[in-house]
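Build out the structure end to end from the sequences listed, making use of the hints.
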Amino acid sequence: MISACLLTYSVTIGISFTSHVRRDLDHRVHEDIELAARALVIDDDGNPAWAGGFLGKQIEEEEGGGHWVEVWDPSGQRLLVAGTFDPRIADHPSAHPSGITHSHETASGPIRTMWKTIELGGRRLIIRAAVSEAAARDRIRSLWVEVGLITLIVLVLGGIVGIELAKRLVGPLSRLAANARRITAEQLHERLEVRGGGEEIEQLGAAFNATLARLEESFAQLKRFTADASHEIRTPLTALRSVGEVALQGNKSGAEYREVIGTMLEESDRLARLAEGLLSIARAEAGQTHYEFEDLDLRTLADGVVEQLGVLAEERGQSVVVEGGRVVAAVDRVFLRQALVNLVDNAIKYSQEGASVRVRVARTGGGAEIAVSDDGPGIAPEHHARLFERFYRVDRSRSRELGGSGLGLALVKLAAEVHGGRVDVESNIGEGTTFRLTLPVRHARS
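When you line the sequence shown up against my numbering, it's residues 734 to 1179, in that order.
Simulated from the structure, these hints should not be mistaken for laboratory data. Check before you lean on any hint, since a few could be wrong.
What the hints assert, rightly or not - Calculated pairs, EDC-like style, for lysine to aspartate or glutamate (alpha carbon to alpha carbon, straight line, at most 20 Å):
hint, residue 1, residue 2
1, K1146, E950
2, K956, E1122
3, K1146, E1122
4, K1146, E1009
5, K1082, D1036
6, K1082, E1159
7, K900, E933
8, K849, E767
9, K956, E919
10, K1146, D1065
11, K956, E923
12, K849, D819
13, K900, E935
14, K900, E932
15, K1146, E1025
Given below as structure tokens:
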């Protein structure tokens, strides 16, 4: 790019200088014609002559030499000449347009000519002036040589400097690339050495290391997910197999068979919920879920969820109350309802018998909030960061005993993100738990 700019600049200088020299030649030719026109007189014999030899002296004193002026009559006869050289121009002036300069190659070398017609003493005369181009061409040629040499020198020096700079830049990049190629899926804990390569290389290395850190965490989550999913699927399958094997051993009464079938149905239902939850998350993360956003009163939605789960609370002697007024937002009714069902269902399951569960709908600064609080055992702060991971459980045995799939809170987080909101948890051991689902208040397009 720099080379192209330099070459363009050099060519521009050369062309500009060439044009300037040619304009100067044209100006000198024009001045000679005007000088000759003023110096012409008619002598006593009625013939044109130079006034007191003025023109010849003037031309001979011109710097640079190479001037020639001649006077013709219309019949083609040359009447007068003056100058420091004879260009030996063979053709008549009228062979070329008047008032325009022309270049000629003659025995005396290259010349620049122009002619003009004047009226003097009742006679029509033609004045032609010629200026040698030899010196001008030498100047132009010398300039182009100098420009070419300077350009070549600058390009060579620039190339040397560019190669050195490229080595300094590419060297650290090559080392960075070589180190990056050594890092595989089994070595994501390694990081690139980024010192000593300059600020840009260090920034690139730091960005790459940050990407490696995210990849390492993603791979770790994937491994945990795979292990947890395998375990979660294996547990109900093992239970189904065990119950089936026990049922096949010996004769059982009708009541015993009904109990076995009920247990198998429970485990099948757990498997179905697990598969449905995994499928919902996978579709949502892949962008394959179509959401129907509509303006919905969140208080009405909360009332419907509490009414649906009220039977579960009554069985445990619990009370579930909804607080707050009307708050309208654009939401996907099905997805948000499922998220709220998960939160209220968890609050009921993990609270003691006779406890109280509260669902509060309210406006916050620029948004809406649905808070679900319970009087349960609480959750230690060290678990808060991972609560919304798939299959993460604070107490695995108790969660499985209560029929949890380990995907409920993951779906809640996904629902919050789909709506452009977030979900937070406030909890401590022995102080109960509050989940806050915060959503922006937007309205569906009409």
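Structure-inconsistent hints, enumerated in ascending order: No hint contradicted; all consistent.
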